[in-house]
Every structure is written in C-alpha cells, then in structure tokens.
Amino acid sequence: MPLADARARVPGLIVVTHDPVADHAWLDRLALGCNRYSPLVALDAPCGLILDIAGAEHLFAGEAGLLEDIEMRLSRLGMSVRSALGPTADAARALARYQTRPAPDEEQAIRRLPVAALELEAEATTTLVRAGLRTIGDLASRPMANIAARFGASAATALRRILGDAPSPLDPRIGLPPVMAERRFAEPLGSSAHAIKILAELAGEAIGALAERGKGGRHFRATFFRSDGLARSIEVETGHATRDTGLVMRLFAERMDTLADPLDPGFGFDMIRLAVPRLDPLGAGQLKLEGGAVREAAMDELVDRMTTRLGRGRVKKLMVADTHIPEQAQLALPAIDAPPPVPWQAPEPGEPPTRPFHLFDPPQPIEVIAEVPDGPPQRFRWRRAFHAVRRYEGPERIAAEWWRRRDNAGLTRDYYRVEDVQGRRYWLFRHGLYDEKPDPRWYIHGLFA
Amino acid sequence: MRESSSQLAGLRKRIARLATDGGPASRPAEGRLASGHAQFDAALGGGLAVGRYHEFFAADALDGTSAAAFAALLALRTPGQAPLIWLRTTDSANRAGHIYAPGIAELGGDPDRLLLVETPDPKMLLACANDAIRCTGSAAVIVESWGKFPLLDLTAGRRLTLGARDAGTTLLMLRLNAAPAPSAAETRWSVSAAASREREANAPGAPAFDLELLRWRAGPAGGCWRLDWNHDDKSFGPASGEAALSGALLPLAARRAALPHGAAAA
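For the protein sequence lines, the chains are V and B, in the order given. Mapping of the first sequence onto my numbering: position 223 corresponds to residue 223, and the numbering continues sequentially without gaps. Mapping of the second sequence onto my numbering: position 250 corresponds to residue 699, and the numbering continues sequentially without gaps.
Note that these hints are calculated values from the structure, not bench results. One or more of the hints may lead you astray.
Claimed, not checked - From the derived model, a few chain B residues whose C-beta atoms are all more than 10 Å from chain V:
(1) Ser-455
(2) Leu-467
(3) Ala-487
(4) Gly-494
(5) Val-499
(6) Phe-519
(7) Pro-528
(8) Pro-571
(9) Gly-596
(10) Lys-597
(11) Gly-686
As the list claims (entries may be wrong) - FRET-style restraints, in silico, Cβ to Cβ:
(12) B/Gly-494 <-> V/Gln-378: 55 to 63 Å
(13) B/Asn-679 <-> V/Ala-193: 51 to 59 Å
(14) V/Thr-258 <-> B/Arg-607: 24 to 32 Å
(15) V/Leu-263 <-> B/Pro-631: 39 to 47 Å
(16) V/Leu-263 <-> B/Asp-615: 27 to 35 Å
(17) V/Pro-340 <-> B/Pro-687: 48 to 56 Å
(18) B/Pro-687 <-> V/Leu-263: 54 to 62 Å
(19) B/Pro-687 <-> V/Ile-325: 33 to 41 Å
(20) V/Asp-374 <-> B/Cys-673: 37 to 45 Å
(21) B/Asp-615 <-> V/Arg-404: 33 to 41 Å
(22) V/Asp-337 <-> B/Thr-604: 32 to 40 Å
Unchecked claim - Among chain B residues calculated to face chain V with C-beta under 10 Å, some are:
(23) Asp-512
(24) Ser-515
(25) Ala-545
(26) Ser-587
(27) Ala-667
We treat Cβ as the ideally placed atom computed from N, Cα and C, and that holds for glycine.
Construct all of the structure, not just a fragment, from the sequences and the given hints.
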C-alpha cells in the first residue's frame, strides 16, 4: 500500500523512515544489556536475540523467573517481546516466532508448530501445506529421506535442527571470556565513583584468577549493567600481559576521562562484570639490578596509557613493507600490538640519502619548467612559491607494480632529488613517461633534511 | 597565635627550601646530547643538556623538515635502544608530510626506536607531552607544533621544564611556522636548510643545516654554525667547500659577554 493511501485511511498516522542500521545498533545495545542473563548472546537479525542460558537460570529463580525478568526489563524500554525456551537455539527461535497454541510439554509444542516455522521459501511451504503436512509433527512422522528428495536438503536440515537431531550452533556476539568476575547488587549503585571502586575489587579478583593460571591479561572489558536493562562496555588493552591491578585501574580511569559521553548510571547499576577476553602467558618476573626492566616497564605503560587515551591508531610504530613504491614502503602499525622489528635497509656508505625525511601522501601537484620535456626540472612552483633548482640528481625510475594489477596498467615515475638556491632539498617526480602519457604531471613527494 | 606563627615559620622554611632547590638549573644536567661537531659541542659545554627543554624554530615554513631532522638525528645519535617519542597533531602529516622511516634509515637512524604519537588537537598534544616527558627510559621526546601555540605559555613551559628535569628526559620542542618568543626553554634555536656540498654531476650532497643559537640560559647566545650530517659515523661535522661562500657564518667565541639579543629574548 502506498504511503498516500495509508495516510488517507489513518489520518493520524506516524511515519518514520526505516533505518536498518539504527535498528541493528539498537539490537546490539539490547544484546549487551542481555549479557546480564548469560555471557553468550547471539543476534538473530533483524529483530531477535538468542541467549544460551544453560547453567544460568538458577540465578533468576528458574527458567520462568528468567523469562519474566527479561520481559519486564525489555518492555520497560518500550519493546514488545515474544519469548520462548527451547532445547536448541533453532527450536527456541521457532517457538518464539511461530507458536500459537499452548502445549503440555516442550516436545508437543515443537510438534504443533506450523510448517512455516521451517522458514523455507514460500513456494515450498505452500507445497507442504497442499500435501496435507501442516505441522512439524506431520512432517517429522515421514521418512527424512523422502522429505529431502521432495523438498530439498535445506528442508531436511531445518527440520532436524528444530527437532534437535542436528546441532544448531550459536554465534555469540561476544565469545565466552576465559576469566570473568562479576558482582550483582540488591540495591542499584547510583554513583559512577562507587562503581569504579567495585571495579577495582573485581580487577583484584580477576587478576587473582590469572595468577593461578600463570597468565596475564592483555585486554580487559568492564560492563556496567544499568537497572533499566541497558549496559555500557568499556575496554582497555595493554601491550604486554599484565597482572598489575593498579595499572589496569589507571587505564580504566584514563579511558573514562576521555569518553565522549561519560558513564551514566541512570537509575543505577545493578551489576558490574569484568571480563578478560585475551590472556598471554606471564611468568613471575624479577627486576634487573641495573634497572633495565623498570625503564622498559615505564615505557610500556606510557604506550598503554597513550593508546587508551588516543586510540589504537594514533600510537604507532613504523615497520618495513616489502615494496618499492615509496608511499607503501612503510607501515604504521599500532605500537600496542606491533610485531618484532624487521631490520631496515642500511644506508649506502658515503652516499647522500635517496629517500626523504618527510613524505607527502598523496603527493602534491606542482608546476614544473624543464629545459627539455623529459629532462630534469629547472624551476617549479609549489604552494604558490617558485623555487629555482640549483642541483639535481636523477631520474630514479620507479615502475608501477604491474604484476599486482589485472590490467597491467600504472604509470612509471621518474624521481629527481633536487636542491633549490636556498639549500632546501625536495623529491619531485614526473608521473608517467612521455611515451606512456601525452602530458605527464609533476608532483612533489617528499622533503629531504 | 603561637600556633599560626609556627605554621608561618614552617611555610617560610619551605619557601626557602624551594628557592634553593627549585630552579631548573639548580640540578646539574645528567649528560649531554653531543652533535659530534667539535666547535659546536665545545661552545655548548659538551652539547645540549639532557633533562632540559630545548626549542627548535624553523627559520621558514619550508625549513620544517630541516628542524625536525636535526632534532631527530641529535636524539637518535645516542647509542642504545631507548625509544624516541615523537608527538605531533594529526593534521601535521598534511602540512609537513608523514615521517618517513626509510628516509630515517638512510640517514643512519634506527626507525624502530621511533614511537609516533598523533593527537587530535594541540591541547591533547600538550597533555601527552607532559605525560611523555615524565616517563623515564626515552632517548628524547620530540613535540612538533605548527604555527602559534598559545597553549604553550610560560606556565605550561615551566611545567614541561620541571617534568623534564625530574625525570631526566630531554624535551625537543619543534616549532614550525612560528616566530621565536620568550619561553621557559634552556636553549632556543633557529634551524634552516643550508646548501649541501656539491657532488659529481651537480648532485646534491649530504644534509646540511644552518643553526643559530637564539637563547641559552646557561651562557651567551648568538652563535651560528653550519653543520653537515655524516650518516656513516652518525655525527654532525663542519661543512666544507660551500661554507666558504657564506662568510658571515663563522662560529663565534663561546664565552663572550651575554649579548643584548639573548637578554632581550629571555
């Protein structure tokens, strides 16, 4: 029905543009909030959540209590909820979406589901109904081979999954962390400062568990669950495995200071969880007498703090990349996760450097006057100023990486190292040879010391 | 009454203690960042003092690379694997260019020692600089700023000075596209590119720098030097050949009476 027709029928119609990205982000927030019930929550996009509650229901006085709690919290957020419990993820999903009639037990409920619960193509579902197979139970009474032959292997698989004969694995949003500590409160905590104190206690507990295993944490995730059902996750990372509660708490404090929207307790936090998703072996260390370990530790902590404050991409180490294209010859990798260094090419003795100190990426266009078309530049204009070239060396010819490109295309560059009359040294190149391109352009690619 | 006077006496004693111990120059420097250029080092009493705050102004906006390279090479000359922390704002890559590790390697420096920190704005740059200089274990901290840096006032400069002194970290502040102004720095330099020594076929030679000492807290200012970088023995050396052309750039006597120029800049 077009919108105009709908408006004509219902004058007070509220129209909202469909925004799948925002819907997904909201579902993701709900999933984080549902982590309070179980660490394993999977998104069933676009509008479902699947929780693996095995071993967690007793915390909420049984399955019924858990369902009641979920429905209460989600409906407070304005959601209308249909929920169901099942022996497998697919069975629970089908029950939540297609169950219409009550049943004495779980097995009966599954058998009474309509065949639409298999979520086959519309044509296949119609064929099933025309054949008189209206429920899952009808279908399950037939031999599986006949179903596969008549309606395809996907129908057989879907049926086996709903019946629990085939595994229906869950793809959780966040994996189960190896070490976790959590605390629940009878009365919600109203202040962030108090919550951080509790977090410090949890960090002590988690680090105790790490020490027992001889491991150290590389990544810590604190999740603050609010009593309104939503949650907020804050993560910090360290460059080396650590069991230093003080360091972890300093990083969390650093992270909270730089949050764009501060941690909001709302009506209070009723649960705080600290997870350590990434562990590395960490033996007991001994300080060196000359103090080397202390200095390195201070440096590592600085890297961790800067990374926490600014983000991974802003604290970098430069690494070798094996290519001769100048702008790709170095990789800037996060210092917190940098691989061991690879040696750089040693300079040619007695020769001036052939690569600049500063590189422009992308190269900046310049206007060049050369004596002969494919000769060295004599004057060039860059950033609205003319520079007269006094000395030059070149060309150094760098071809495009034709072996990486499907069309064998790419222009050859002719690099010149030039010095102007004021003594400044530049790295210029002509993009393309004259037989590759009629009027190749000039660029400045770097500045020498 | 009695109690308050004893408190006052305590405060006076504390002030007296701060006055004797508080000056940045009160504690002797733990070492020197030597350039390798004999006259340059001799004039500065062995090189740039470690654990101090030094400022390098690019003489022109186009001399930024020379100033940056001079500071980096001075820090990377020190033996060992101590990292060089380089702080800059994200937009400086567009203005001055990305720091290019192959180029540093060709100059004889070790790019693996470089820890690059890019901050979103100058405010964060200053905050990170304060953290970085308080971290022992670095060869030096280079802070690169572009244009006027109003946040770096005398208070901020003094804070940096104290931080550098307490941790024994050298702070090399790069001021690109900025005019020299009074600050808390131990030395203030103006760096520009110099014509290199000609090689065969009119090719440009090794990097050459013109340095002018604008201000020095511990001595007279006003010296000018022309330094060539030699990447084989990783040291600066006297410029030869072309230096004769620019006659005014002879090194000045090291311990002259303080120049009015230097006094005015203080």
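Checked hints:
no., hint, verdict
1, Ser-455, "holds (37 Å)"
2, Leu-467, "holds (27 Å)"
3, Ala-487, "holds (21 Å)"
4, Gly-494, "holds (26 Å)"
5, Val-499, "holds (15 Å)"
6, Phe-519, "violated (7 Å)"
7, Pro-528, "holds (15 Å)"
8, Pro-571, "holds (14 Å)"
9, Gly-596, "holds (15 Å)"
10, Lys-597, "holds (19 Å)"
11, Gly-686, "holds (13 Å)"
12, B/Gly-494 <-> V/Gln-378: 55 to 63 Å, "violated (46 Å)"
13, B/Asn-679 <-> V/Ala-193: 51 to 59 Å, "holds (58 Å)"
14, V/Thr-258 <-> B/Arg-607: 24 to 32 Å, "holds (26 Å)"
15, V/Leu-263 <-> B/Pro-631: 39 to 47 Å, "holds (42 Å)"
16, V/Leu-263 <-> B/Asp-615: 27 to 35 Å, "holds (33 Å)"
17, V/Pro-340 <-> B/Pro-687: 48 to 56 Å, "violated (39 Å)"
18, B/Pro-687 <-> V/Leu-263: 54 to 62 Å, "holds (60 Å)"
19, B/Pro-687 <-> V/Ile-325: 33 to 41 Å, "holds (38 Å)"
20, V/Asp-374 <-> B/Cys-673: 37 to 45 Å, "holds (41 Å)"
21, B/Asp-615 <-> V/Arg-404: 33 to 41 Å, "violated (52 Å)"
22, V/Asp-337 <-> B/Thr-604: 32 to 40 Å, "holds (37 Å)"
23, Asp-512, "holds (7 Å)"
24, Ser-515, "holds (6 Å)"
25, Ala-545, "holds (6 Å)"
26, Ser-587, "holds (7 Å)"
27, Ala-667, "violated (27 Å)"
Hint compliance for this structure: hints 6, 12, 17, 21, 27 are not met, and every other hint is.
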